[in-house]
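What follows is the residue order along each chain.
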Amino acid sequence: MTSEIDIETKNEQEMLDITSLVEKELKENDAKNGICFLYCPHTTCGIAINEGADENVRKDVINKLNKLIAPDDKYLHTEGNSHSHIKSILTGNSIFVFVRDFKLELGRWQTLYLCEFDGPRSRKLWLKFISDNN
Amino acid sequence: MTSEIDIETKNEQEMLDITSLVEKELKENDAKNGICFLYCPHTTCGIAINEGADENVRKDVINKLNKLIAPDDKYLHTEGNSHSHIKSILTGNSIFVFVRDFKLELGRWQTLYLCEFDGPRSRKLWLKFISDNN
Amino acid sequence: MTSEIDIETKNEQEMLDITSLVEKELKENDAKNGICFLYCPHTTCGIAINEGADENVRKDVINKLNKLIAPDDKYLHTEGNSHSHIKSILTGNSIFVFVRDFKLELGRWQTLYLCEFDGPRSRKLWLKFISDNN
Numbered sequence: 032m033t034s035e036i037d038i039e040t041k042n043e044q045e046m047l048d049i050t051s052l053v054e055k056e057l058k059e060n061d062a063k064n065g066i067c068f069l070y071c072p073h074t075t076c077g078i079a080i081n082e083g084a085d086e087n088v089r090k091d092v093i094n095k096l097n098k099l100i101a102p103d104d105k106y107l108h109t110e111g112n113s114h115s116h117i118k119s120i121l122t123g124n125s126i127f128v129f130v131r132d133f134k135l136e137l138g139r140w141q142t143l144y145l146c147e148f149d150g151p152r153s154r155k156l157w158l159k160f161i162s163d164n165n
Numbered sequence: 032m033t034s035e036i037d038i039e040t041k042n043e044q045e046m047l048d049i050t051s052l053v054e055k056e057l058k059e060n061d062a063k064n065g066i067c068f069l070y071c072p073h074t075t076c077g078i079a080i081n082e083g084a085d086e087n088v089r090k091d092v093i094n095k096l097n098k099l100i101a102p103d104d105k106y107l108h109t110e111g112n113s114h115s116h117i118k119s120i121l122t123g124n125s126i127f128v129f130v131r132d133f134k135l136e137l138g139r140w141q142t143l144y145l146c147e148f149d150g151p152r153s154r155k156l157w158l159k160f161i162s163d164n165n
Numbered sequence: 032m033t034s035e036i037d038i039e040t041k042n043e044q045e046m047l048d049i050t051s052l053v054e055k056e057l058k059e060n061d062a063k064n065g066i067c068f069l070y071c072p073h074t075t076c077g078i079a080i081n082e083g084a085d086e087n088v089r090k091d092v093i094n095k096l097n098k099l100i101a102p103d104d105k106y107l108h109t110e111g112n113s114h115s116h117i118k119s120i121l122t123g124n125s126i127f128v129f130v131r132d133f134k135l136e137l138g139r140w141q142t143l144y145l146c147e148f149d150g151p152r153s154r155k156l157w158l159k160f161i162s163d164n165n
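Residue numbers (my numbering), protein chains in the order written: chain Z, 32 to 165; chain X, 32 to 165; chain G, 32 to 165.
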């Protein structure tokens, strides 16, 4: 009942557009109209929805988070990725989106992102769907 | 199946109480007991739940976010609202609330807010409802 | 239909592992496979999912949030806990987790936390469950 989506991130930090990956999964599971619940089982990446038109917005987000939560600050955790954990708590590790006709019902300027804060890595996303017809 | 709520924000930045607007929509859709899923299709405003009693809490939230994510910082995005995008990622653009007897089941001190970070504007909120009786 | 979980926090600020408390409630409500929706009715604590293995991660999160949103900064709200309100908006006050065989379907390194930002206090968590068999 829970689908799993494989995602390969390419950079140490990035907001990766996963809209079409998720819609492919919806189609394959005959998930036509309802609510899509997305859950990220990792602790150093998150999920967010925001502008997709100008890639500078994504860069500004990553830059600002790096200023607020510096990768090289003094942390107790010795693996060098405390900043990634903190960022993923702030973005959150789950999200829901409405689905209409197998498509994510996003706003005009919205894109669905996996927020990688400790990559590049192989990531997974878990998906459940509740149909309007329940 | 997805309801749409129209909201007019009044200020450039504000936390606007939308509790009664959402409850009106629940009543009109005969949504009595269950879970209300709220989704904001915009990229420069968010949704949050927090204290409604003392309006200074709302002011402190806006002030602190402005200190952390200054509107006039150096951003790559040239539309002047990068700060609004970043803030909306931090608050999130969706939320769920339980519903009992057509009312949002909020805690004693809680109020439901649309967080406007790039207003004033006409905003929309999308709503789906899953009944306990499913 | 909404379960209530009682939680006693022990410190002024802490991330408290509530995984087993929530799983106990799932078991008692015969909630086997589906989605668990958790809602925190307070305005100065939040819910988050992150690493549970190294307790230093939790300390780094609390320390960094205290640097960004200092408890003793100049706030308009006079109760001394504006920082707690702001932090709880950033973590969020609700979360969903998938459930398999009465267990929270967490990632390998994930733990479910109540984030106390104004304790120690008696807290409540509300829970609804939607079964896969709906």
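Any given hint might turn out to be false.
For the chain Z half of the interface with chain G, some residues (derived, Cβ under 7 angstroms), not all of them [to be verified]:
1. Thr50
2. Leu107
3. Lys159
Think of the hints as simulated: they come from the structure by calculation, not from any bench. Predicted model only: the values in this text are computed from it and were never measured. Virtual Cβ for every residue (Gly too), placed ideally from N, Cα, C.
I'd like to know which numbered hints this structure contradicts. Please list them from smallest to largest. 1
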